[in-house]
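For the protein sequence lines, the chains are X and U, in the order given. Okay, so the first sequence: first residue is 1 according to this note's numbering, each after it adds one. Okay, so the second sequence: first residue is 1 according to this note's numbering, each after it adds one.
Incorrect hints may appear among the rest.
Looking from chain X toward chain U, a few residues come up when the C-beta cut is under 7 Å (computed) [as the list claims (entries may be wrong)]:
1. Val-16
2. Arg-26
3. Thr-120
4. Glu-139
Taking lysine-lysine and the DSS-like style, the derived pairs with C-alpha atoms no more than 27 Å apart in a straight line are [unchecked claim]:
5. Lys-81/U x Lys-14/U
6. Lys-37/X x Lys-209/X
7. Lys-104/X x Lys-37/U
8. Lys-66/X x Lys-104/X
9. Lys-81/U x Lys-156/X
10. Lys-228/X x Lys-209/X
11. Lys-14/X x Lys-14/U
12. Lys-228/U x Lys-37/U
13. Lys-14/X x Lys-104/U
14. Lys-209/U x Lys-268/U
15. Lys-81/X x Lys-237/X
16. Lys-104/X x Lys-14/U
17. Lys-255/U x Lys-268/U
18. Lys-156/X x Lys-66/X
19. Lys-81/X x Lys-66/X
It should be emphasised that the hints constitute simulated quantities derived from the structure, not laboratory data. C-beta: ideal position from N, C-alpha, C; glycine also.
There are 2 protein chains.
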Amino acid sequence: MIGFVNGTFIELQKAVIPVSDLGLQRGYGVFDFLRVKETLPLFLDAHMDRLYRSLDLMHLSLSYSKEQLTNIVNELIHQNKPEHSGIRITVTGGASPDGYTPVKPHIIIVQQPIAAPPDTLPTGAYKLVTHAYRRQMPEVKTTDYLMAIWLQPWIKEQGANDVLYQWEGNISECPRANFFIVTQNNTLVTPGAGMLKGVTRANILSVAKDLLAVEERAVTLEDLHTAKEAFISSSTKRIIPVTAIDDLVLGDYTKDSVAAALFDRLRKLEG
Amino acid sequence: MIGFVNGTFIELQKAVIPVSDLGLQRGYGVFDFLRVKETLPLFLDAHMDRLYRSLDLMHLSLSYSKEQLTNIVNELIHQNKPEHSGIRITVTGGASPDGYTPVKPHIIIVQQPIAAPPDTLPTGAYKLVTHAYRRQMPEVKTTDYLMAIWLQPWIKEQGANDVLYQWEGNISECPRANFFIVTQNNTLVTPGAGMLKGVTRANILSVAKDLLAVEERAVTLEDLHTAKEAFISSSTKRIIPVTAIDDLVLGDYTKDSVAAALFDRLRKLEG
């Protein structure tokens, strides 16, 4: 596959950056990730908007406009002609002479084959374990996954698929996915602050509106005990129903579930 | 200058790593930094011990033993023959195929000229501003300086030299330095947990013992108001007296200060 690094299209196996990169040296970087269906980058505008918002919040200034970067992404897809893939756009603080001050950003665009999500809602077991943690700058899609990666062995020990972050009883997100519940009175609820606002999350809120009541508000650990459904969302997964959280076993997800209906609507939204 | 990247001594201007590096992509990396006086790496064993402790805590396993890495560092110094320099050893989660799971680590050793610290305690103004923040995994020297770098413009706006992290009124550290106070009853106090244990900090505790009482315990924001002295320590700076913290103006530092006596002892410890 071809990638794009600091102005040049390049075979990914040869793609490198200087060791002085501030993303590498000091963890100062942001990224965005989107799914590509054949040659169609899904919800590219929304991902671009979020990337440029991340850049703005991190005081990083890219020399490409959104339109120019969109053209580069489309050119990359045209060169790679993948069947199903993901594109990751990473922007860092650049090759900083003092190793501390952001300079002209580095930009790295990587395209890699990924499995297409299934046509219908997955039905397998999917367990989350909660962990008390708050991401720093949660509204920015930074490259900081230190805790998420550090927790991986523990997550496996727990027989879980992923970790669900909570702080003082309030649930925020999984490291790479947003979290939703459906309450007993048929309301779709998802945290409204303190986490990354996923593009798929926004799409779900949009397609859910004429299906059931929707609330963006704090979701507590207690709320889980009475939830009819719980699921996570991301660009690669669309929706995965959660079957257990810590010691709590959640119900099965039939074809009549809200998760299934939303999954179907999301799939149609992809065109 | 020459560096050392994944087994090869290389001109630093040409030193690169693959874009799939997990330190770059997910902020998963640790490092250590030491000062080199002519050809003498200062307190190399202590820095090696800390590096390997960081690696252990992060589940990263380097193929070099401490002895082998020590030899590499000495070989690097021999090749560069610097007058006064710093060496930074960075180890990341490697070129991860799935972009999430640590694999064989990347190691990057960079040597760069730095200014030698002064012969006597610096006497200029040095202001800190406090910020409510806790580093994740504070006992590990990770590459996570996201908040420190993000705060730089704000620190400058405040007319300050650096930020001092506190959480719920307890002071921890500066991003790259430890923090000490001298109390009215002539006790040297420094936080004992929740921060990185600096090599210079350990040296200070060691040389202070026959000079005054020493305590490793919580230092609160209130403690600052009655402190006779406050200073920061690091490998590059030895000791810098702090003259102001937020709106609090601290006293002058005469030649009779504890900071001056400790600075002198630290300098002699370097041999």
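Against the earlier hints, flag every one the structure doesn't satisfy and list their numbers going up. 3, 4, 7, 9, 12 and 18
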